[in-house]
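S.K.: Sequence:
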Amino acid sequence: MKTSGGSDAAKRRAGESAAEAVSDGDVVGLGTGSTAAHAIRRLGDRVDSGLDVRGVATSFASRELAGDCGIPLLDLDEAVGPGAPGIDVAIDGADQVAAGGEGDEAEPGVGPLIKGGGAAHAREKLVDAAADRFLVVVDPSKEAPVLDRSVPVEVLPAGRSAVAEAVRAAGGEPTLRRAERKDGPVVTDNGNLVLDCAFGEIDDPDALATTLATTPGAVEHGIFVGLADEVHVGTETGVRVARR
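Going by this note's numbering, the sequence shown opens with residue 23, and the numbers climb by one from there.
Some hints could be false.
[Stated by the list, open to error] Restraint ranges, calculated between C-beta atoms of paired labels, are given here:
id : residue 1 : residue 2 : range
1  : Gly-103   : Ser-29    : 35 to 45 Å
2  : Thr-259   : Pro-104   : 43 to 53 Å
3  : Asp-70    : Ala-235   : 39 to 49 Å
4  : Pro-104   : Ala-43    : 26 to 36 Å
5  : Pro-104   : Glu-258   : 42 to 52 Å
6  : Gly-213   : Pro-104   : 25 to 35 Å
These are calculated hints, taken from the structure and not from any lab test. Backbone N, C-alpha and C define an ideal beta-carbon position, used for all residues, glycine too.
Using the sequences plus the hints, can you model the full thing?
M.R.: Set out below in C-alpha cells:
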C-alpha cells in the first residue's frame with residue numbers, strides 16, 4: 023500500500039538535502055520509495071563527481087537503482103559485524119512522521135514513524151537501526167500531529183491468521199495487502215505477506231510496537247520509534263530540517 027501525496031519537486035528537495043549530508047568514505051543505507059530514490063540519484067551524481075561511498079540497499083528496487091546510478095554496493099552482512107565498516111548514515115522515506123504539525127509552515131519534529139508502504143520495512147529497519155545516523159526524507163503530506171495510518175506488519179504466510187487475530191485483540195483491523203496488476207497478495211522480498219493494520223490514532227507508539235514485535239508469526243512491523251536523527255521535509259520552496 024504505497025502512499026501518495028506531495029509533489030515530486032518537494033520529494034526531490036528532501037532527498038537531495040539528505041544526500042548532501044553524506045561525506046567521502048561513508049557507507050550509506052539506501053532507502054526504498056520515491057523520495058529515497060531522489061537521494062540515491064543525487065548520490066549517484068556525487069559519485070560521478072568523485073565522491074567515494076558504498077551503499078547498503080534496503081530492497082531489490084533500491085539495489086537496482088543504486089546500480090544504475092553507479093553506486094558501489096555492500097551486502098548488509100559485509101557492512102555490519104566484527105571487522106566490518108559499519109553504516110555511517112541511512113537515508114529513507116516514511117509514510118507518516120509524528121511531527122507535531124502539518125503543512126509548509128509547520129515546524130518539523132523528529133518523532134515516531136510509520137513505514138512499510140513499499141513492503142520493505144523489515145530490511146529498512148535493520149539498516150536504519152544499524153546506521154550511526156538515520157535521516158528521514160519526506161514531503162509535508164507525510165507529517166501529522168499523531169500517527170494514524172495503518173501499520174504494515176510483515177507476517178509468515180503460515181502465521182497470517184494467528185497474527186490477524188492478535189491484531190484484532192490489540193484493537194486493530196488487519197487487511198491482507200493485495201498486489202497491483204496481478205492476482206493474489208503482495209509478497210515481500212523475504213517471501214512473506216503483509217497485513218495493513220488500522221488502529222486509528224496511535225497515542226502510544228512504543229506500547230503498540232512492543233505488542234506487535236512480540237506477536238508470534240509477525241516478522242517485523244512498520245512502527246519506527248526512537249530511530250530517526252533528522253527529518254528533512256521538502257516543500258515547494260525549500261527544505262526544513264529537524265534534528266534530535
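S.K.: Return holds or violated for the Cβ distance of Asp-70 and Ala-235 against the range 39 to 49 Å.
M.R.: This hint holds: roughly 41 Å between Cβ atoms.
S.K.: Determine whether the Cβ-Cβ distance between Thr-259 and Pro-104 falls within the hinted range of 43 to 53 Å.
M.R.: 46 Å, holds
S.K.: Determine whether the Cβ-Cβ distance between Gly-103 and Ser-29 falls within the hinted range of 35 to 45 Å.
M.R.: Holds, at about 40 Å.
S.K.: Quick one: are Pro-104 and Ala-43 within 26 to 36 Å, going by C-beta?
M.R.: 27 Å, holds
S.K.: Mind checking the hinted window 42 to 52 Å against the Cβ distance between Pro-104 and Glu-258?
M.R.: Once the Cβ atoms are compared, 47 Å apart, the range 42 to 52 Å for Glu-258 and Pro-104 holds.
S.K.: Is 25 to 35 Å right for how far apart the beta carbons of Gly-213 and Pro-104 are?
M.R.: 28 Å, holds
When held up to the earlier numbered hints, the structure conflicts with none and fits them all.
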